[in-house]
Amino acid sequence: MRLAYSRPGNAEELRQIAAFASAYGFEGVQPKGAQFTPWVEAGAAPAIDSTMGVIAYGVDEDATRATLRWAALHGLPIVTWVAGWKRDAVTRAEAAEILTRLGRDARAHGTALSLHNHAGAVFESGEDLAALRDLTRPEDVTLTLDTAHAALGGVTDIPGLISDCRDHIDVFHIKDLADRGFCPLGRGELDFAPIFDAIRDIGFDGWLVVDDESGEMAAEPAIAHARSFLQGHL
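The sequence shown begins at 0 in numbering that gives the first Met the number 0 and counts up one residue at a time.
Some hints here could point you the wrong way.
To be verified - Derived CB-CB ranges, DEER-like: (1) M216 to H108: 32 to 42 Å; (2) G185 to D156: 28 to 38 Å; (3) E126 to L72: 28 to 38 Å; (4) E26 to G185: 16 to 26 Å.
Unchecked claim - EDC-like cross-link-like pairs, simulated, lysine to aspartate or glutamate; straight-line CA separation at most 20 Å: (5) K85 to E96; (6) K85 to E40; (7) K85 to D48; (8) K85 to E126; (9) K85 to D59; (10) K85 to D127; (11) K85 to E60.
Keep in mind that the hints were calculated from the coordinates and are not lab data. These numbers were taken from a predicted model, which means no experiment stands behind them. Note that beta-carbon positions come from the ideal geometry of N, C-alpha and C, so glycine has one too.
Based on the provided sequences and hints, a complete structural model is requested.
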């Protein structure tokens, strides 16, 4: 598997994040939201050479398609989409149709649409993700499985979920949880030993991204902590 790192920050902070991530052995970074949207708006290549993909937000199909086509144009293999559909706004089947439509367009242009599970959204629980598995094909739509959001969505058996969704998962967002808030890896409630066992058991060879949204440490110590944590599990 390949290791990447992601955390919020402005453009200058992203440059620092990328430099620190490389120094600590991460192969890539995954910019999110406003960290990369200026590149899309300008039609420019990613300003960070180690960008392995991006994390897009929202529910606008046209905007997401534009991001996917930009990513394909610049050789980025993955767009993780945090699709913020509320549970009362769209059915799973309707969401799956949109995902399939966008995913097929993405594949035709040379990139992949990877849905991010998210607490409070239409795909949050184990049942929701089983529906995603059954309503879509991995050739069209893949899954970025976020460990903390899975727990927030009520999943109590994350290793089992990994096994059940193995054909769809192409990215893991490794994130810890404490009192329903994010925290540095290893300092929260999630038991990562069986999670990493499950990742190994499915023969995962995609991207494993430490998605650090805790805000508890500055960039370099946070990245050093994340790398040390991973070394204890990989």
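Here's how the hints hold up against the structure:
1. At about 38 Å, the beta-carbon gap between M216 and H108 stays in the expected band of 32 to 42 Å.
2. Distance hint for G185 and D156: a CB-CB separation of about 20 Å, inconsistent with the stated range 28 to 38 Å.
3. Checked against the hint of 28 to 38 Å, the pair E126 and L72 passes, with Cβ atoms roughly 37 Å apart.
4. Taking 16 to 26 Å as the suggested C-beta distance range, the pair E26 and G185 conforms, at roughly 21 Å.
5. Restraint check for K85 and E96: satisfied, since their Cα atoms lie roughly 16 Å apart, inside the 20 Å limit.
6. A C-alpha spacing of about 27 Å is found between K85 and E40, which places the hinted pair above 20 Å, so the restraint is violated.
7. Of the pairs offered as hints, the one joining K85 and D48 is violated, with about 35 Å between alpha carbons and a cut-off of 20 Å exceeded.
8. For the hint pairing K85 with E126, the CA-to-CA distance comes to about 16 Å; that is within 20 Å, so the pair holds.
9. Between K85 and D59, the direct Cα distance comes to roughly 13 Å. Compliance with the 20 Å bound is thereby established for this hinted pair.
10. Restraint check: the Cα-Cα separation between K85 and D127 comes to about 13 Å, which is no more than 20 Å; the hinted pair holds.
11. Simply put, K85 and E60 have alpha-carbon atoms about 15 Å apart, close enough for the 20 Å limit, and the pair holds.
Taken one by one, the earlier hints fail for this structure at numbers 2, 6, 7, listed in ascending order.
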